[in-house]
Amino acid sequence: MPARNHKQWIATPPLKSDEWVDSRIYTDPDIFEEELEKIFKKTWIPLCHESELSEPFDFRTFTIAREPIIVTRAPDNKVRAFLNVCPHRGNMIERRPSGSFLEGEPSGTPKNMTCMFHAWQFDMKGNCVHISREKEGYQDRIRKEDQGLRRLRCEVQFGGFVWVCLDDNMSQSVEDWAAGCFDCIREAIETEPLEVFHYHKAIINCNYKLWHDTNSEFYHDYMHYHNRITGFNDEYFARKNVVFDNGHVNVNTFEVKYDEYEGFESRAELSFPTFPPNQWYMIDMFPGMNFNLRGSALRADTVTPLAADKVMIEFRGLGLKSDTPEERMIRVNHHNSIWGPFGRNLHEDLIGVTGQGSAMQTGSDVRRILHGRREDNLIHDEVGMRHFYKEWGKWMNRMPSDPMKKYMAAAE
Amino acid sequence: MSANATKIADAVKDTIYRSCLLLDDEKWGDFLELCEEDFQYAIKAYSPEIKYDMTYFRGDRKELKTMLDMLPKHNTDHSPLKRHVTVYTVDVDEDGKTATAVTSLVVYQNMLDGINSHVDAGENHLFLIGKYIDKFRMENGRAKFFEREVRLDTRRLDKGTHWVI
Chain V
10 MPARNHKQWI ATPPLKSDEW VDSRIYTDPD IFEEELEKIF KKTWIPLCHE
60 SELSEPFDFR TFTIAREPII VTRAPDNKVR AFLNVCPHRG NMIERRPSGS
110 FLEGEPSGTP KNMTCMFHAW QFDMKGNCVH ISREKEGYQD RIRKEDQGLR
160 RLRCEVQFGG FVWVCLDDNM SQSVEDWAAG CFDCIREAIE TEPLEVFHYH
210 KAIINCNYKL WHDTNSEFYH DYMHYHNRIT GFNDEYFARK NVVFDNGHVN
260 VNTFEVKYDE YEGFESRAEL SFPTFPPNQW YMIDMFPGMN FNLRGSALRA
310 DTVTPLAADK VMIEFRGLGL KSDTPEERMI RVNHHNSIWG PFGRNLHEDL
360 IGVTGQGSAM QTGSDVRRIL HGRREDNLIH DEVGMRHFYK EWGKWMNRMP
410 SDPMKKYMAA AE
Chain D
1145 MSANATKIAD AVKDTIYRSC LLLDDEKWGD FLELCEEDFQ YAIKAYSPEI
1195 KYDMTYFRGD RKELKTMLDM LPKHNTDHSP LKRHVTVYTV DVDEDGKTAT
1245 AVTSLVVYQN MLDGINSHVD AGENHLFLIG KYIDKFRMEN GRAKFFEREV
1295 RLDTRRLDKG THWVI
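Chains as they are written, first to last, in my numbering: chain V, 10 to 421; chain D, 1145 to 1309.
Because the hints were derived from the structure by calculation, they are not lab data.
From a predicted model like this one, the values you see are computed outputs, not experimental measurements.
You may find that some hints are simply not true.
[Unchecked claim] Covered by chain D, per the in silico footprint, the following chain V stretches (three or more residues, Cβ under 8 Å):
no., stretch
1, 114–127
2, 199–208
3, 211–223
4, 334–342
Glycine included, C-beta positions come from ideal geometry on N, C-alpha and C.
If we strip away everything but chain D, and leave its shape as in the complex, we get (with noise of 0.2 Å):
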């Protein structure tokens, strides 16, 4: 790998680690932050059930916008997510103006509200696994996102989540 290549893979790492600290906080404006206008997301998992590639949620940029700036309208689980997460590959393009990363990904639950407080608050859950398949475009040494695909390997959800993974 080129320096130039290195020095980008670097800063691909960088942005997904700071996007997990940002979404662990939720601080999904800062989050939206490292993306770019032409953002897009999706959420997928193949079901060997029924032999289907599913897309269990999908938006751009301003649809998540709009989704997060309407959470407090909702109710909602408000046990935080906690990610984990190892970059594993990072490919950088020829031109050096763009790159992929795949990162391994784990969610904790750290349960507050969401069963039985008095119990289970504090406890830890599994709450889902998959990767990252990210696209960056690099921009004055930054990489920011133009594509996420998280790809689950979980498909017992459980209560499910508002929130983006």
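Isolated chain V (complex conformation) (with noise of 0.2 Å):
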């Protein structure tokens, strides 16, 4: 077909529903506050991992549909999560990104979170400890027993992974949010404790699903030479998508072989435990968390979506607490040679969806973008979107090929 009218741009794919979008889901300013009230603080986040914070009295701040969060580890060792909101005025109480209670702060004092504004302060239970002159200018109205932070449901699963859920009344607990889709490389990542060995973040302009969508997707594998010349094989176009309740995938494994493109090595010396060698399972979770074990490295990817155009990805690397140095060092080569910033792939994976969010801001023109590929749910089948997608327009109660209908009222 020669290049199109107008008309034709934007007539409707020969696709069935549920094999394209509409763009306006990436673009649209109102589709996005609506998925941070109605998807991000209603599902579990993956936040960090456990080994972020090893000690009693260390913490993490971040951040969740704008609601600033702390994780703290308490005496008990116990892991738990609150608004990172002082009860009082309303001021953000931690402002480091990391650190340890075990000093005091200049308002404070040790073991304590001081709010650094009227010095309130803290216990790691999130129990308010310290009013200043709290009988003189309350008398009795205001007590600090009534005032602790606004906990929040917390827990460590799935190799040591700090999961946050916002909303109280969240029925299922991580391992059922999870519907099996870690069970491929459980035994890997639980069989002794793991250790974060690389963090950094990418504040892209595109929507957050399109990140996703790149995760989703292998048909994006022509874009990486890596990926092309050490795979592309019998056993990678074997490779099958298995998908999971709650929106979750699984890319299948297949043998990668690292040593076709020059200068790259096996991995089969320092695989995960019971893991075979030179293997490479991903697993992507609703509503845009990221987890990929090639074997001797596993990588971790947090969305935090910023607008309907900008999105933060924060990614981590993570090895085995017990590694020696030498193999550490073995491992974080091979984590960083392909997914570092200054790796082969994770810069080709970010200069794709920076484009697709240039082509695609708020105001463009209604694009249709596709998902339509069916291949017997492999590897270059895109299954995994259309799964996503599912998900969305039943969180969303809309259609994702058209966002301004509900959901379930296309769907009859």
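Each chain sits in its own coordinate frame; assemble them with the hints.
Next comes the structure, spelled out in structure tokens:
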């Protein structure tokens, strides 16, 4: 067909309605705000790994759907999460990304979280333990016993990742929420403790779902010379996408021929426990988290949507806590040579989604974005995205292919 | 500082500044000519987020050459990276055969094709900040790199790059 006129360009594709989306789901600010409320404030979000707060009184701070979160490790060794907001004047309590409360802050005392503004203090369980001049100002109308932090649902699961949910009424545990999608790597990541060795972040001008789409489809391996040269054989094309409840997907494994890429080496020697040599599993979790085990190194991506056209992606690399320095260095090399900020593949992935973000901005003409490849659920079948958008439609009550229509009404 | 040490320090500075021009111009082979056969290169950063001293990239001279030779096979943001450096210190070892230098580093990205070239091409973005921590051997009055650590402060690296910093 020759190049199309506008009417032809915006025509409904000759595909089923679940095989494409309307680009407004990537660009509409109202839809984005709704996603924060209906999805990100309602589902389990992995925030970090427990090794980032390995000692009692350690903490990490984050944001989910613009809500500031603090994760602490208490003297009982339990990891807990709270809104990082002082109940007094709404100030953000802790401003650092990480640290320890063992040392007192200028306005406070050791072993407590202190709001610097008026020196209200909280222990690692979120109890308010000090209100400055409490009796003088509040008599008994406000008492520290009633002014604890807002506690959040928090679980440590699947190899030590810290999961938080803002919704007290979330009916599922993290185990239930994952619906079996971690089974493929569970033994490998839970046989012994893991440790984070890599962190960097990217803020990219594209919708968060475009990043997740890229993680969910392997058709884009045409973009990666490394993946073509180390894969693209019969075994690669036999990999299966497997779907799970709640919108999650696995991409099944095959043996990667790392040494086919000049300068790279086999990763067999440092495979995760029980993990066969040079295998590669990927887990894509709704609404935008990704866990990627390439034999010797685990990568975990978390997304923080910032606007309809802006997302922060945090990249972590993990190895075994028991690594010797030599083993760790090899593992770090394996991780970063592909997935680091100066690695072969990640740069290409991020250029790809940046291009999508540039071509689909708020106010851009509506585009039909296809995910209609069907190949018996094999590696270049786009079932992962179809599965994601089915879930998205349910949570949003919007049709991905026509987001101004209700999901159920259109499905009927 | 002795006259000889001053001379060595000048040679070290000359190599650093010359290397930056070569890297700015993406003359990777010419940059490697300034490096010893046993040259070791690493990009590192301390992350206060995970409280870990990270190695973002490392390679020896041969590995760097292999990687750079393969660049045409990879999709890359072609927006040139331009360095602004100031050599802060040069410490010459007592035997006058080796030296260590610490150089302040700022890298700007001169936008070309990384985002939307119609809008962004020609604009400059701050890409990263950090230091070069270099070790040199003296050879016929010239200073050659045998070790470079790019010590970054930047950990938000957005799209990153395939290029040597």
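- [ ] Taking the numbered hints from earlier one at a time, note which ones the structure violates and give those numbers from smallest to largest.
- [x] Violated hint (a single one): 1; every other hint is consistent with the structure.
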